[in-house]
Amino acid sequence: MTAATSVAARGAVSAPAQAGRRAPKRVLPGFGLTLGYTLFYLSIIVLIPLSALIFKTFTLTWEQFWAAISAPRVMASYRLTFGASFLAALVNLVFGLLIAWVLVRYKFPGKKLVDALVDLPFALPTAVAGISLTALLASNGWIGQILEPLGIQLAFKPAGIVIALIFIGLPFVVRTVQPVLEDAEKELEEAATCLGATRLQTFTKVILPSITPALLTGFAMAFARAVGEYGSVIFIAGNMPMVSEITPLIIIGKLEQYDYAGATAVAVVMLVISFILLLVINALQAWQRRHAGAPA
Amino acid sequence: MSGNNSRTIRRARAGTTEAPWVRYTLIAIALAFMLLFLVLPLAAVFAEALRKGFGAYLEGLREPDAWSAIKLTLITALIAVPLNLVFGVAAAWCIAKYEFKGKAFLTTLVDLPFSVSPVVAGLIYVLMFGAQGWFGPWLQAHDIKIIFAVPGIVLATVFVTFPFIARELIPLMQAQGNDEEQAAIVLGATGWQTFWYVTLPNIKWGLLYGVILCNARAMGEFGAVSVVSGHIRGQTNTIPLHVEILYNEYQSVAAFAAASLLALLALVTLVIKTIAEHRNEQALKAAAELPPERPAPAGV
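Listed in order, the protein sequences are those of chains A and B. Numbered by this note's numbering, the letters in the first sequence go through residues 331 to 626 in order. Numbered by this note's numbering, the letters in the second sequence go through residues 12 to 311 in order.
Next up, chain B with everything else stripped away, as it sits in the complex (with noise of 0.2 angstroms):
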């Protein structure tokens, strides 16, 4: 009976795993398959660059339209960032923490950037703001310049990383309940106090997970700021346009240089991302496992 017993578990056991030799050729299928698609890319990148030298991988870093590429990345990510920050915050603590009528449509129109083109993104400000757009006239006659000029670049940068933050922050503030905050605003703690004391420790890293992705795509955006930026050598080219410009040029070194940097952003973004990722679990396991404050009532 119990030696039947023994071998019915050992059989179920089996039955939820597959003979080794099918498990290794899945295991290095799907690594040839990374191997191919993702690990050669990103090596390339840096074997391009260093082609001729670490001397002309400098060299092309060097150049003063590399500088300012750069120093407009950084500008617009400083911007970008912390504008859709606090979007994330204000739409994740009203989406997460009510119920209100046309919240799912609310929770879609947030999603919205992420499914549109890049290219029609851009495309939208330049019929705001463009010369022949909505208040092009209005902007010219005030000499204030939009598209083509650092503000359209901000602008178009925002919207492609509109929904990161908030998106991060939406499920993980969903997850975590109104308990605590409750228990706070009973205990006579103001709303701005709630928020600093009791929910941003909760949803820290989650929200430095948004802000990182947030911050690789805003650093990284190629099509939309493509649109509105007007390539303007040395004062509209952000990192990405920059590599376009060289690449082709057939300055291939010095394209792959300024790609490398932004190569190296997204590993580093990776690592960000992977510790962040792991810290919010183990919060999120740690707030499972607290006992309840009150015990459920019989029959829930």
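Pulled out of the complex, with its shape left as it was, chain A reads as follows (with noise of 0.2 angstroms):
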């Protein structure tokens, strides 16, 4: 392999003509042993066992299908999981573009610390999160004991779930945020002041618009992940069928009933969704390049 790509570089230098025929203006050799490399990896670790997931779902007819997807404990789980993933990503949302500003614009001590703190629910495994924060929340827990005598119960209850979504989902905002408002201009803004704009107006009219695709793009990496989360949830939402059931739990639940066609269907929608969900977020992305990338 060395000798073929080194005389693939040489014909570069030497004699384009016989560079190869693929890429005759390409200098840099292992252009075909790298994208041959990566499309093979990503066929059999990816792409050939996600079809795997769709020729199982033909084996059901079109009616088994649908009765499948659409049990009411399974749509009771969609609302559960899309309405629990939306408000946590909501909340990830303010408080995900205040912590950026807040790392961004301001100096305090320990800052440092407070910035690498922030990707800790990349690093820390769900399920001790799982256990971590059902351990606070429960009755006997530091913060269940303090809101039990309000009437508020947390832990095992769809609550519960939406905290759980939010520790999980807090990084995807902050860190698409804070690069962005780190490049913003401060001259926009001294020109807005110098306008005359106070500055609640320069930052709704200004700094807002301009952070808009970035604070989009981590609202729906959030929203992305919070909705496939498995692990730090089922230990916090106490798994009752209709009430506190999250959808990748029906999965698991149809595969313990070895109904493996029943599973299918229900993996092929959140499948479908994570699709979708990736396209937006490839679009927002494009949006954001394209907003960086205009002139001021």
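Don't take every hint at face value.
[What the hints assert, rightly or not] Reference listing, derived: stretches of chain B covered by chain A, where coverage requires no fewer than 3 residues with Cβ under 8 angstroms from a Cβ of chain A:
| id | segment |
| --- | --- |
| 1 | 143-156 |
| 2 | 207-221 |
[Said to hold, decoys possible] Now the in silico label distances, taken between C-beta atoms and shown as ranges:
| id | chain 1 | residue 1 | chain 2 | residue 2 | range |
| --- | --- | --- | --- | --- | --- |
| 3 | A | T534 | B | E110 | 48 to 56 angstroms |
| 4 | B | G241 | A | Q394 | 44 to 52 angstroms |
| 5 | A | I476 | B | T28 | 32 to 40 angstroms |
| 6 | B | E292 | A | M570 | 33 to 41 angstroms |
| 7 | A | A613 | B | V33 | 29 to 37 angstroms |
| 8 | A | A397 | B | Y109 | 18 to 26 angstroms |
| 9 | A | G362 | B | P75 | 46 to 54 angstroms |
| 10 | B | K63 | A | Q531 | 53 to 61 angstroms |
| 11 | A | Q531 | B | R34 | 12 to 20 angstroms |
| 12 | B | L42 | A | E512 | 16 to 24 angstroms |
| 13 | B | V97 | A | V602 | 25 to 33 angstroms |
| 14 | B | L42 | A | E478 | 24 to 32 angstroms |
| 15 | A | K437 | B | F111 | 39 to 47 angstroms |
| 16 | A | Q394 | B | L85 | 38 to 46 angstroms |
Hints listed in this document are in silico derivations from the structure and should not be mistaken for laboratory results. Ideal Cβ placement from N, Cα and C applies to all residues, glycine included.
These two chains come separately, so use the hints to put the complex back together.
Below you can see the structure in the form of structure tokens.
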């Protein structure tokens, strides 16, 4: 392989005509090798196994498929999963922006530490987050024992699911908004102030529009992650059918009853939704790049 | 005139920040939110693990099942991370260094495992290799176990950690461009030499950053692994699954003791990540400050 690439390399320099049929203009060797390996590995790890899911669905008739994905218990799980994910992403949108703002614009002791800590949900395994949040919010936990006398119970309720999903999604918003805020040109804000805008007006009319694409990207990423989340949620949710049972848990439940076809049908619904969310995120990121690249 | 000017400047400066009380309130809210949602859960892991003293904590870790879970977790990460490392470098090389049709689509496909629910990730391997799956009968005939065995756990882990390294490297290598590699090739280096002596030193911190995140996820993955593992004690339990079993058996101290190992891993990950990120930024800044080798043609 080394010989082949070096031959291609020398060819590219001395005699472009011999550099290979595929890419006469490419100076760097290794395109065929790396692209080939990427496609091969992508196929065996991701694409072929995912296609197994699609093919398995075809063993169902349309009626069976529809019955599996629209059973009342499954419908309730969609409502819960998407509702809780949306609420959590919304909370993350607000507080993620606030944290990114504070980290970029202000100086305070321990800022580096706080900045590093934002990524904790990326690094802490979800099962650990799950049992730890449950321990905090249970009636004898640090937070639970404060809330219980007030009549608020969060653990083993849908509200607990939202809390777990807030934990999981927070870094997405902070980490997408932070670099955009760092790159924002202060001159624009100075100009706005010179033209008589109040600070709040500057924020809503100048700063907010420039970070909206990043903010929405972070929101969509947090939402997408929350929809598929399993590990942190099942410990805190209580997992009552119709009330606090998330869609991934429905799939697990069907698998445990050897209902592979039913599990696959619900999984396909989740997969299609992930695809759509991925496309939305890609479109938002493209918008963000255009936004950043546009002349000010 | 000049007094007027400086007043305008002062006003403009003031216009880019907030009144002190606003600043302190915002900082306080942000810190309180992080304390509540990030610090407390982390602290609770250690507090619960040490609730009955250090002896009980060690007792929880000394169980043979815990030890086999630790071993399995290490083996899984040792296989999954290098596999995704090789893939990540290859994918980043072809996506960042070349222009070709379908590049955007390929990048999307590389990111795909991030948006697939871990439970679905586990399910697809059950459908491939499970008893009723595509290869199930063949595997059974040859007495090979993938699902409810170690290979399935490794496969599911590889899937969920698939994009981590590629994703770190692609933007980094795109930002660095091809100039240095092209120079090496023109000076007669082979492709491998160029990679080892030119590209690798440039991307090493980004690479480390990707590896460390990939490793954290590989060791901590729960949903996907839980579907394919079969939860056989002492055989197919990784640390997160071990934590779940203990927790469901109300062995709280032992569960949190095992969880504390993963929490420590998370903390180490954050430290290395912070260092790697810092070095990476410095490297990028140094690259940006280098004088251009070739003066750009006028008008560009």
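Here is how each hint holds up against the structure:
1. 143-156: holds (count 3)
2. 207-221: violated (count 0)
3. T534(A) - E110(B): 48 to 56 angstroms: Hint violated: Cβ distance 40 angstroms, outside 48 to 56 angstroms.
4. G241(B) - Q394(A): 44 to 52 angstroms: violated, 27 angstroms
5. I476(A) - T28(B): 32 to 40 angstroms: holds, 35 angstroms
6. E292(B) - M570(A): 33 to 41 angstroms: Violated: the Cβ-Cβ distance is about 47 angstroms, outside 33 to 41 angstroms.
7. A613(A) - V33(B): 29 to 37 angstroms: holds, 35 angstroms
8. A397(A) - Y109(B): 18 to 26 angstroms: violated, 48 angstroms
9. G362(A) - P75(B): 46 to 54 angstroms: Holds - the Cβ-Cβ distance for G362(A) and P75(B), about 50 angstroms, lies within 46 to 54 angstroms.
10. K63(B) - Q531(A): 53 to 61 angstroms: Roughly 57 angstroms apart at Cβ, these two residues keep to the hinted range, so it holds.
11. Q531(A) - R34(B): 12 to 20 angstroms: For Q531(A) and R34(B) the Cβ distance comes to about 18 angstroms; the hint holds.
12. L42(B) - E512(A): 16 to 24 angstroms: holds, 20 angstroms
13. V97(B) - V602(A): 25 to 33 angstroms: holds, 31 angstroms
14. L42(B) - E478(A): 24 to 32 angstroms: Once the Cβ atoms are compared, 25 angstroms apart, the range 24 to 32 angstroms for E478(A) and L42(B) holds.
15. K437(A) - F111(B): 39 to 47 angstroms: Since K437(A) and F111(B) have Cβ atoms about 45 angstroms apart, the given range 39 to 47 angstroms holds.
16. Q394(A) - L85(B): 38 to 46 angstroms: holds, 43 angstroms
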